[in-house]
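So you can see what is in the structure, the chains are spelled out below.
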Amino acid sequence: MSASNEQPAKKGRRKFELDPALAAYKGVWVFIEHERGQVHSVSWELLGEGRKLANQLGVELAGVVMGAPGPETRRFCEEAYKYGADLCYLVEDPVLANYRNEPFTKGLTDLVNKFQPEILLLGATTLGRDLAGSVATTLKTGLTADCTELAIDPENRSLAATRPTFGGSLLCTIVTLNYRPQMATVRPRVMAMPERDDNRSGRIVEAPLGMIETDIITKVLEYIPDNLSDKPQLPFADIIVAGGRGMKNPDNFALLWDLAKVLGAEVGATRPVVQAGWVEAERQVGQSGKTVRPKLYIAAGISGAIQHRVGMEGSDVIIAINNDPNAPIFDFATYGIVGNAMTILPALTEAFRQHIATARKAG
Amino acid sequence: MHIVVCIKQVPDSAQIRVHPVTNTIMRQGVPAIVNPYDLFSLEEALRLKDRFGGRVTVLCMGPPMAEAALRKCLAYGADEAVLVTDRAFAGSDTLATSYALASAIRQIQKDMAVDLVFAGKQTIDGDTAQVGPGIAKRLDMGLLTYVSKIEALDLEAREITVHRRAEGGVQVLKTKTPCLITMLEGVNEMRFATMPNMFRAARYPLKQWDKDAAGIEDVAKIGLKGSPTIVSKVFAPQPKAKRADMIETESGEPRDIAITLLTKLFTQHPKLEKEIDKQAA
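Those sequence lines, one after another, are chains A and B.
With the first sequence counted from 1, adding 3 to any position gets you the numbering used here.
With the second sequence counted from 1, adding 7 to any position gets you the numbering used here.
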């Protein structure tokens with residue numbers, strides 16, 4: 004959605020009768036994204052969230068699995084049941100072996116037109132965003148990106164999708180009233196991972212793709228996997244030490260690295276710090292960076308703007324250090340320290356170091 | 008070769024402030040800039056023009072003041088600029104925006120066939136990443152998002168090969184032109200505006216297209232009417248029920264603060280203590 008439309012609509016528009024043809028759309032779907040034989044964890048997170056929505060609506064939760072024919076693709080369906088799906092729509096075809104926009108857009112669009120879900124959720128990944136934008140345009144329906152909260156409006160059964168707006172300064176709730184399906188994307192790690200239940204099972208509904216390789220203009224020439232060791236992995240880090248503009252200059256970031264080293268942690272940063280070039284973009288935490296859910300998040304010199312907050316408030320414990328006692332970060336941190344990060348960080352590093360040394364001796 | 012680059016004028020989000028009492032956006036004094044992600048696409052388009060020759064047209068939908076963003080792009084080296092501006096577009100969401108821009112691109116095509124369309128990966132105000140894919144779909148063009156490198160372009164064979172960022176690696180994709188490309192951030196650096204280009208940009212007779220000039224056939228597909236999504240509420244997040252447990256000591260010495268914090272942290276979160284000892288081991 005464009006910023007220009009982000010003003011609340013008139014109250015009167017909310018009372019409405021859903022077009023009878025659209026009322027036939029039933030069920031919550033989650034697109035199961037996979038690459039190189041592995042399902043992206045965001046798909047399981049979405050099944051967890053989709054389960055809640057489906058229960059509230061009293062409808063079924065379905066996974067959508069598209070891929071090359073074979074046991075692997077079917078295994079993804081089995082996995083989906085364990086994370087909450089009641090059934091899976093399965094499109095198997097050799098042309099779906101690698102993600103490409105054309106065949107995946109056709110496959111998903113055809114499924115929607117045939118089986119008519121009321122809600123369709125996708126991960127806000129490079130794949131999910133590429134696909135969601137194309138599918139929503141083909142279906143001429145509404146799509147809300149990067150939601151941080153999904154709920155059902157009890158009044159009209161519509162999906163109320165909340166996301167940050169104005170560059171993350173405020174939140175807005177977006178509804179798609181007279182269009183189906185209601186589509187939304189959610190970034191990895193925004194929703195909690197659901198409990199896996201190995202006793203759950205479900206059924207498969209198969210559908211053909213109806214496309215052959217010569218129909219597809221785009222060819223995958225090669226796939227170069229990332230060398231994971233040389234890239235920071237913030238979304239899955241257990242401990243993160245992050246700094247904001249309050250760190251004053253790039254040299255002071257060394258204090259964060261010192262603490263991170265002692266804790267075996269990753270270093271994160273806010274958007275202004277990344278824009279100023281103090282650290283690489285891969286380390287940006289927030290709406291336009293990574294969403295993280297570590298067990299411990301230490302925020303130094305970070306005021307706690309919404310843009311940053313939505314990327315890290317899922318952390319189990321947040322320690323905030325800021326010299327401004329009124330900084331918004333103290334409204335949602337677990338522990339707060341009002342003071343100079345440049346003197347407190349070295350003291351923390353030393354205290355953790357001593358604690359670990361003592362534990363090691365004892366252990 | 009003819010390249011169209013879609014850009015948006017956005018408020019510099021780093022300078023947006025929310026009024027502490029009314030929770031409304033304070034727009035006054037916030038400078039408007041070219042969406043930073045669009046500049047990576049514009050620079051890539053200019054580099055292709057440097058190699059292959061041809062024309063780069065920048066296209067923007069927005070209020071009349073967005074003219075400044077287009078002139079900035081001309082100063083960087085774009086050849087032509089079109090501003091699609093009409094009150095009828097107000098309130099457009101991504102679906103309506105992609106309809107309007109696709110329709111304007113069809114008009115631009117009438118003057119000179121388009122080989123490539125570029126758009127930013129996303130904007131910094133809406134952050135949706137939906138308009139690029141939407142335009143491609145409406146123009147029935149191939150879509151290459153999150154491109155980190157243009158490996159090869161063969162104008163005669165009408166083929167392009169790119170590196171596309173995927174979640175766990177890079178896809179090398181080959182497709183036919185015309186197609187729509189969104190560039191990944193940080194893959195190039197915007198050139199400096201040259202003096203002659205700056206003079207030209209200032210004097211350039213910018214094209215301002217209303218909905219008719221932009222070739223809009225169905226007014227029900229633009230503006231609020233053409234937008235399936237409706238913003239039902241804008242609000243500031245609720246503070247958590249409990250404010251942070253503020254760590255204070257009599258001395259105020261960093262060392263005492265650190266020790267007080269660790270004692271509290273490990274007493275209240277014993278699992279975390281184990282985790283840290285394990286991680287550090």
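Calculated directly from the structure, the hints in this document are not laboratory data.
A few of these clues could be false.
Derived lysine to aspartate or glutamate pairs resembling EDC-like cross-links, with alpha carbons at most 20 Å apart [what the hints assert, rightly or not]:
id : chain 1 : residue 1 : chain 2 : residue 2
1  : B       : K56       : B       : D118
2  : B       : K181      : A       : E225
3  : B       : K181      : A       : D201
4  : B       : K240      : A       : D218
5  : B       : K214      : B       : D57
6  : B       : K285      : A       : D319
7  : A       : K55       : A       : E158
8  : A       : K222      : B       : E74
9  : B       : K285      : A       : D241
10 : B       : K240      : A       : E209
11 : A       : K55       : A       : E285
12 : A       : K222      : B       : D122
13 : B       : K156      : A       : E285
14 : A       : K234      : A       : E216
15 : A       : K143      : B       : E174
16 : B       : K183      : A       : E285
17 : B       : K218      : B       : E74
18 : B       : K214      : B       : E87
19 : A       : K143      : B       : E282
20 : A       : K364      : B       : D161
21 : A       : K222      : B       : D161
22 : A       : K222      : B       : E174
23 : A       : K364      : B       : E280
24 : A       : K364      : B       : E74
25 : B       : K156      : B       : D118
26 : B       : K249      : A       : D218
27 : A       : K55       : A       : D89
28 : A       : K143      : B       : E158
29 : B       : K228      : A       : D201
30 : A       : K222      : B       : E158
Structure-based check of all given hints:
1. Note on B/K56 and B/D118: the hinted pairing holds, with a Cα-Cα distance of about 18 Å set against a maximum of 20 Å.
2. Proximity of B/K181 to A/E225 is assessed by CA-CA distance (about 10 Å); at most 20 Å being required, the pair is judged to hold.
3. Distance restraint check for B/K181 and A/D201: the Cα-Cα separation of roughly 41 Å exceeds the 20 Å cut-off, and the hinted pair is therefore not satisfied.
4. Distance restraint check for B/K240 and A/D218: the Cα-Cα separation of roughly 44 Å exceeds the 20 Å cut-off, and the hinted pair is therefore not satisfied.
5. Distance restraint check for B/K214 and B/D57: the Cα-Cα separation of roughly 24 Å exceeds the 20 Å cut-off, and the hinted pair is therefore not satisfied.
6. Taking the CA atoms of B/K285 and A/D319, the gap is near 17 Å; set against the 20 Å cutoff, the hint holds.
7. In summary, the hint linking A/K55 to A/E158 is supported, as the alpha carbons are separated by about 17 Å, within the 20 Å threshold.
8. At most 20 Å may separate the alpha-carbon atoms for a hinted pair to count; A/K222 and B/E74 exceed this at roughly 39 Å.
9. Restraint check for B/K285 and A/D241: the C-alpha separation of about 11 Å stays at or below 20 Å, so the hint holds.
10. Our distance criterion of 20 Å between C-alpha atoms is broken by B/K240 and A/E209, whose separation comes to about 39 Å.
11. Proximity of A/K55 to A/E285 is assessed by CA-CA distance (about 32 Å); at most 20 Å being required, the pair is judged violated.
12. Only pairs whose Cα atoms come within 20 Å are accepted, and A/K222 paired with B/D122 is accepted, the gap being roughly 19 Å.
13. Under the criterion of a C-alpha separation no larger than 20 Å, the hint pairing B/K156 with A/E285 is consistent with the structure, at around 18 Å.
14. Note on A/K234 and A/E216: the hinted pairing is violated, with a Cα-Cα distance of about 34 Å set against a maximum of 20 Å.
15. For the proposed pair A/K143 and B/E174, the alpha carbon gap of about 27 Å is over 20 Å, so the pair is violated.
16. At roughly 31 Å between alpha-carbon atoms, B/K183 and A/E285 are farther apart than 20 Å, so this suggested pair is violated.
17. A C-alpha spacing of about 16 Å is found between B/K218 and B/E74, which places the hinted pair at or below 20 Å, so the restraint holds.
18. The suggested pairing of B/K214 with B/E87 holds, with an alpha-carbon distance near 9 Å, which does not exceed 20 Å.
19. Among the hinted pairs, A/K143 with B/E282 is inconsistent with the structure: their alpha-carbon atoms are about 48 Å apart, more than 20 Å.
20. At roughly 66 Å between alpha-carbon atoms, A/K364 and B/D161 are farther apart than 20 Å, so this suggested pair is violated.
21. Simply put, A/K222 and B/D161 have alpha-carbon atoms about 15 Å apart, close enough for the 20 Å limit, and the pair holds.
22. Using a Cα cut-off of 20 Å, the hinted pair A/K222 and B/E174 holds, with the two alpha carbons roughly 18 Å apart.
23. The hinted pair formed by A/K364 and B/E280 meets the criterion: a straight-line CA distance of about 15 Å does not exceed 20 Å.
24. Between A/K364 and B/E74 the CA atoms are separated by roughly 68 Å; this puts the pair beyond 20 Å, and the hint is violated.
25. For a cut-off of 20 Å, the pair hint linking B/K156 to B/D118 is broken: about 29 Å separates their Cα positions.
26. For the proposed pair B/K249 and A/D218, the alpha carbon gap of about 58 Å is over 20 Å, so the pair is violated.
27. In summary, the hint linking A/K55 to A/D89 is supported, as the alpha carbons are separated by about 13 Å, within the 20 Å threshold.
28. With a CA separation close to 33 Å, the supplied pair A/K143 and B/E158 exceeds the 20 Å bound.
29. Between the alpha carbons of B/K228 and A/D201 the distance comes to roughly 47 Å, so the proposed pair goes past 20 Å and is violated.
30. Annotation: proposed proximity of A/K222 to B/E158 holds, straight-line Cα distance about 14 Å (limit 20 Å).
The structure is inconsistent with the numbered hints 3, 4, 5, 8, 10, 11, 14, 15, 16, 19, 20, 24, 25, 26, 28, 29, although it conforms to all the rest.
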